[in-house]
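Enquirer: Sequence:
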Amino acid sequence: MSSLVGVTLRSDTGAVRHVNEDSALAEDPVFVVADGMGGHARGDLASRTAVESLARTLQPGTRPTPDEVMIAIDEANAAVRSLSGADESGAAVAGTTLTGIVRVRVPELAAEQWMVVNVGDSRVYLWNGHDLRQLTVDHSAVQELVDAGLITDEQAAVHPERNVITRALGAEDFVETDSELIPEEGRQVFLICSDGLTRELSDRRIAEILAQGHPDPAAALVDAANQAGGHDNITVIVVETVTGDDAASTA
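Note that the working numbering numbers the sequence shown so that position 109 is 109, with each residue one more than the last.
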């Protein structure tokens, strides 16, 4: 079983936008970021509804199974879906990304693990002190072009359709959620963020900031993204855990 060493969370409107359509939840066992689809589609309400639904279903201090997490995400999708309707600007679809990690119990292994979940283009990274590894795959139009070998990562970063996501909570009656189980081992640092961070800072720059050992790494990353332009809302959660002998050494 791992012990939480530190959790930092920072959400900021950014330097350009007037409304923060991001929401976040960082209360063991759930650490997630939701980035609402904006404009008349009520993105701020969509993201808030998603995280509030998860908070009700996956209660603090519990250890859900992976199946229970998927059911909770389905319920969050239904809650966001119920926000959609017609208003004075016409038909409106409320939607949001949902990305993060959940501490789960895996009955067949008689163990706890981290479950990485993703819908949309927010991201989860794993930082080992030297290398930053992206654990999620963006559900976006440009990622599909990259996967097909039609454009490079560098071209994707400036592509005119880089804002188009291909999967979101609330978009359809049923949502397909990517998931992966990560064993708890040693010292682990997870970075969960909306795309307001990754559009301003390269993975290399993010790693440089994490390596500096700031007491509040989430705030340091958000500040750096704002300094780089802050064109979108920016939300960052950094979760650090230790397991086994490493946990005993920090006690």
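Please keep in mind that the hints were generated in silico from the structure rather than gathered at the bench.
Where a beta carbon is used, it is the ideal one built from N, C-alpha and C, also for glycine.
Don't take every hint at face value.
Pair ranges (Cβ atoms, derived) [said to hold, decoys possible]: (1) Ala110 with Ser82: 36 to 44 Å; (2) Ile182 with Gln212: 38 to 46 Å; (3) Pro107 with Leu150: 36 to 44 Å.
Enquirer: Between Ile182 and Gln212, does the beta-carbon spacing fit 38 to 46 Å?
Expert: The hinted range 38 to 46 Å is violated for Ile182 and Gln212, with Cβ atoms some 25 Å apart.
Enquirer: Hint says 36 to 44 Å; check whether the CB-CB distance for Pro107 and Leu150 agrees.
Expert: At roughly 43 Å between Cβ atoms, Leu150 and Pro107 fall inside 36 to 44 Å, so the hint holds.
Enquirer: In this structure, is the beta-carbon distance linking Ala110 and Ser82 contained in 36 to 44 Å?
Expert: For Ala110 and Ser82 the Cβ distance comes to about 38 Å; the hint holds.
In this structure, the one hint that does not hold is number 2.
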